[in-house]
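What follows is each chain in one-letter form.
Protein chains: 2
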Amino acid sequence: MDAQLHKHWEQFQQLVRKIISYNEALGLLYWDLRTGAPRKGTDIRSETIGILSTEGFKLQVSEEMGQLLAIFAEPQNEQQLDERSRRMVAEVRKNYEQSQSIPPEKFQEYTILSSQSEVKWEEAKENSDFAGFEPYLSRIVALKQEFIDYWGVKDTRYDTLLDMYEPEMTVEKLDAIFDRLKARLVPLVQAIQKSTFEPETGFLKQLFPKEQQKKLSLFLLEQMGYDFEAGRLDESVHPFATGLNPRDVRITTKFHQDDVLSAIYSSLHEGGHALYEQNVDIELAGTPLAGGTSMGIHESQSRLWENMIGRSRPFWNRYFTDLQQHFPEQLKDVTAEQLFLAANRVENSLIRIEADELTYNLHIIIRYEIEKMIFNEGLSVKELPATWNAKYQDYLGLTPPNDGVGVLQDVHWSGGDFGYFASYSLGNMYAAQILNTMRQEIPNLDNLIEEGKLAPIKEWLTDKIYKYGKSEKPAEIIKRVTGEELNPDYLADYLEAKYTEIYKL
Amino acid sequence: MDAQLHKHWEQFQQLVRKIISYNEALGLLYWDLRTGAPRKGTDIRSETIGILSTEGFKLQVSEEMGQLLAIFAEPQNEQQLDERSRRMVAEVRKNYEQSQSIPPEKFQEYTILSSQSEVKWEEAKENSDFAGFEPYLSRIVALKQEFIDYWGVKDTRYDTLLDMYEPEMTVEKLDAIFDRLKARLVPLVQAIQKSTFEPETGFLKQLFPKEQQKKLSLFLLEQMGYDFEAGRLDESVHPFATGLNPRDVRITTKFHQDDVLSAIYSSLHEGGHALYEQNVDIELAGTPLAGGTSMGIHESQSRLWENMIGRSRPFWNRYFTDLQQHFPEQLKDVTAEQLFLAANRVENSLIRIEADELTYNLHIIIRYEIEKMIFNEGLSVKELPATWNAKYQDYLGLTPPNDGVGVLQDVHWSGGDFGYFASYSLGNMYAAQILNTMRQEIPNLDNLIEEGKLAPIKEWLTDKIYKYGKSEKPAEIIKRVTGEELNPDYLADYLEAKYTEIYKL
Chain L
1 MDAQLHKHWE
11 QFQQLVRKII
21 SYNEALGLLY
31 WDLRTGAPRK
41 GTDIRSETIG
51 ILSTEGFKLQ
61 VSEEMGQLLA
71 IFAEPQNEQQ
81 LDERSRRMVA
91 EVRKNYEQSQ
101 SIPPEKFQEY
111 TILSSQSEVK
121 WEEAKENSDF
131 AGFEPYLSRI
141 VALKQEFIDY
151 WGVKDTRYDT
161 LLDMYEPEMT
171 VEKLDAIFDR
181 LKARLVPLVQ
191 AIQKSTFEPE
201 TGFLKQLFPK
211 EQQKKLSLFL
221 LEQMGYDFEA
231 GRLDESVHPF
241 ATGLNPRDVR
251 ITTKFHQDDV
261 LSAIYSSLHE
271 GGHALYEQNV
281 DIELAGTPLA
291 GGTSMGIHES
301 QSRLWENMIG
311 RSRPFWNRYF
321 TDLQQHFPEQ
331 LKDVTAEQLF
341 LAANRVENSL
351 IRIEADELTY
361 NLHIIIRYEI
371 EKMIFNEGLS
381 VKELPATWNA
391 KYQDYLGLTP
401 PNDGVGVLQD
411 VHWSGGDFGY
421 FASYSLGNMY
431 AAQILNTMRQ
441 EIPNLDNLIE
451 EGKLAPIKEW
461 LTDKIYKYGK
471 SEKPAEIIKR
481 VTGEELNPDY
491 LADYLEAKYT
501 EIYKL
Chain P
1 MDAQLHKHWE
11 QFQQLVRKII
21 SYNEALGLLY
31 WDLRTGAPRK
41 GTDIRSETIG
51 ILSTEGFKLQ
61 VSEEMGQLLA
71 IFAEPQNEQQ
81 LDERSRRMVA
91 EVRKNYEQSQ
101 SIPPEKFQEY
111 TILSSQSEVK
121 WEEAKENSDF
131 AGFEPYLSRI
141 VALKQEFIDY
151 WGVKDTRYDT
161 LLDMYEPEMT
171 VEKLDAIFDR
181 LKARLVPLVQ
191 AIQKSTFEPE
201 TGFLKQLFPK
211 EQQKKLSLFL
221 LEQMGYDFEA
231 GRLDESVHPF
241 ATGLNPRDVR
251 ITTKFHQDDV
261 LSAIYSSLHE
271 GGHALYEQNV
281 DIELAGTPLA
291 GGTSMGIHES
301 QSRLWENMIG
311 RSRPFWNRYF
321 TDLQQHFPEQ
331 LKDVTAEQLF
341 LAANRVENSL
351 IRIEADELTY
361 NLHIIIRYEI
371 EKMIFNEGLS
381 VKELPATWNA
391 KYQDYLGLTP
401 PNDGVGVLQD
411 VHWSGGDFGY
421 FASYSLGNMY
431 AAQILNTMRQ
441 EIPNLDNLIE
451 EGKLAPIKEW
461 LTDKIYKYGK
471 SEKPAEIIKR
481 VTGEELNPDY
491 LADYLEAKYT
501 EIYKL
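If you read the sequences in order, they're chains L and P. The first sequence: position 203 = 203 (the UniProt record's numbering), numbered continuously. The second sequence: position 45 = 45 (the UniProt record's numbering), numbered continuously.
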């Protein structure tokens, strides 16, 4: 790197480090709000968050940033950057262009609207009042349509949105993937519905004291290799994971006294997200590459730990004793096998976040198809409830009795997060495909789990995925790790094998 | 306010609000570091704190700020500002001028040196190695001397430092005050030493489980009117209070299993600081006036609650039952009177932070006199240990066996905080004088305490002191509330009366 470029590079690194400092502070301000900030201070706190977000945003779209990016774009300069530096620049440029392209007054309108809209959505959900929410959602969609024009239309308009959460994912690819998945999962779900077998779940309907649940969550997180010196577990209304920096990755869970599995699985889920960020190469700290590479890959790590490990028979063969020791009275007549079966009960239901591992994907496909209709086919917001209900009837054989448990159930759209839902199923598919490779490379995987030796799993994932952070794109990772592109058959194979055995199909 | 000025005023308010946002974020980042941030994340966190502090600092000394302050300084503009706005401007101007007057490279040298020096101090204290610390402390003192020149010498050089913590306090005033106090307290301490009475404290040397201590601290804080919806109690190595915003004022304590009084008194102490900030007029939120007016007045509130209320006989007559209920085994044979006496044992000791309510002031006077000698009389850093030891012998009849428990015991000087110590005794004196007025205005004060009715005390303090925040100076507050200037006789009267009775002098 010539001396002049080197000076610019140092300036760039400092500017980026500064932006990351705002993000760490904002991350902590949010984390604190959700885990125990005093109620009366939240109004002032929200204002503070708004002010500091704006400061961070200004740096991202600053003239200084624009000039530096222009310098690095010159061929004689770009060729002097190593691969990692080029990725850093690309990542920053993507944010810069996205933010820079929206006129400030449009962005402000969007910010204000989406926060109003979230409040309206909450009321509307509560009262099953889609009509009351519709004007807000319509305006959000209209603004998002404008944004797509500013950002630039990719293959289709909806492609532009997909790419924001899953870089380089397209409607063309995803249509094929989801069609294939749907074609295999819908019959599986139907077969299970016809099955006479039904896992027993009565023993889950008891009182499980919170203190014991917390101890168990801490134990399981330790087992999976979550580093408590680089993170902590707290309680919040909705579980989440947040990486403040690569050595401070916090998770939360929610303990329900009448549902012992909820906290266990949310701990494993958020623990999976956290393992990813805790094990990113420390060299990437302070750069924009120190995080998960996409929502989909992130979700693959949470779901691999939650479902593919945490809902496996070997897992419960090993850990049921611990569960029982924490709740000896409640579970004295229960076996590991019963617990395993109960944790894998399939039930067609209306609510995504309560869905089982299998039908969950159908909830996502429904949302994907509807979002695509909105942005690519001109489906109006007014038509959403009817479309929603028809698809639920088609794929899950259920019609929501009201919009509160139907089209109004999720927060995402109220904040304008279109294109996000697909990540959840992408996560499942990536996870199944990664697991398939892991089984080849760690042939005694089930034995290890059954012996409670989870460290080799974490090490393998660190080596294959975690350490790369954002320095590889999702498609690159999946290709390098598994040798092929994303292939939905791995998830379908996994689910078919698992549920055929459980439901004796 | 004319339209042009109004525009500038709005700009000023926004700029100030922005600086306050940095302070809230930094306050939370620090609080988090001390109450449970994961160990491995602290290096990156410290870097983040450094970066955001610099950003906040840049705003304070920005050209924009300089221009606005110049505008408000023009007579035709200043006369358009109301009293509160003028105070706001004055407060901001003071910070601006202080920060602006130091050349950036000097400031940076000081920042780096003081953080190195704190590390060196820790080692030196551990090893009683004053010689190893001396070069750092000498450099700190030399830089502070330079700073005094930049800031401008007031009546004396040391006056400049005093004024930073206690606005408008001077060596002339403080010399007279401390001489008077010393003249009355030294004989009192000597009389107590000769007394044959000795409060029994053996029952304090038992095991008091942490969980119960915590419950009791929470109960007492609630009793004094600390608002848990505008604050929270956590544990940290050193107890502290921090106002993130006027409705988010947090405190910490430290539970020692072998010392039940430590957490009680640190909770009352930090609770006193917190009550002050929680009850500042909400109109002052988002302005530089939303905090305590000086270190001395702040300390008066912590010490009033900790010592004058919390170490009073009426307090223990009321709350001993609660203490006993939390530790029924440990305290079954103890009475309220015994507890009261034990909590007021006077002992000449070497360590300031372990000192009792009476001798504490002598520890402070020693430090004040030494600091004054350094800055006004050219006492060299090399001479500090000998000077220290001579004064401890003079005032407390003790000579430290080594510098670790002598001149090296406090962190303050290693960070350059000269002029700070006086605040602690100023706090005691303000508190005694305020208490004297409170007794006149709430004649049944002791009865109220004995009945556990502490709310009127909080209300009185809110009305007289808390609500004003920084909109009055310390001397204005004490004059308005008590009708006279700071007078050390109130503290001396209070201590003489209390200890003459306890020690049957």
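Treat the hints with caution; some may be incorrect.
Treat identical chains as interchangeable: a pair holds within one or across any two.
Unchecked claim - Distance condition first, Cα-Cα at most 30 Å in a straight line; then the derived DSSO-like pairs of lysine-lysine:
1) K94 <-> K58
2) K40 <-> K453
3) K106 <-> K7
4) K18 <-> K58
5) K214 <-> K453
6) K464 <-> K40
7) K453 <-> K173
8) K210 <-> K40
9) K154 <-> K106
10) K464 <-> K210
11) K58 <-> K7
12) K214 <-> K40
13) K40 <-> K458
14) K210 <-> K254
15) K40 <-> K467
16) K473 <-> K40
17) K194 <-> K458
18) K106 <-> K18
19) K504 <-> K479
20) K254 <-> K40
Since the hints were made in silico from the structure, they are not lab data. Since the model is a prediction, treat every value here as computed from it, not as a measurement.
### Query
Any hints this thing doesn't respect? Which numbers, in order?
The structure conflicts with hints 7, 10, 17, 19, although it agrees with all the remaining ones.
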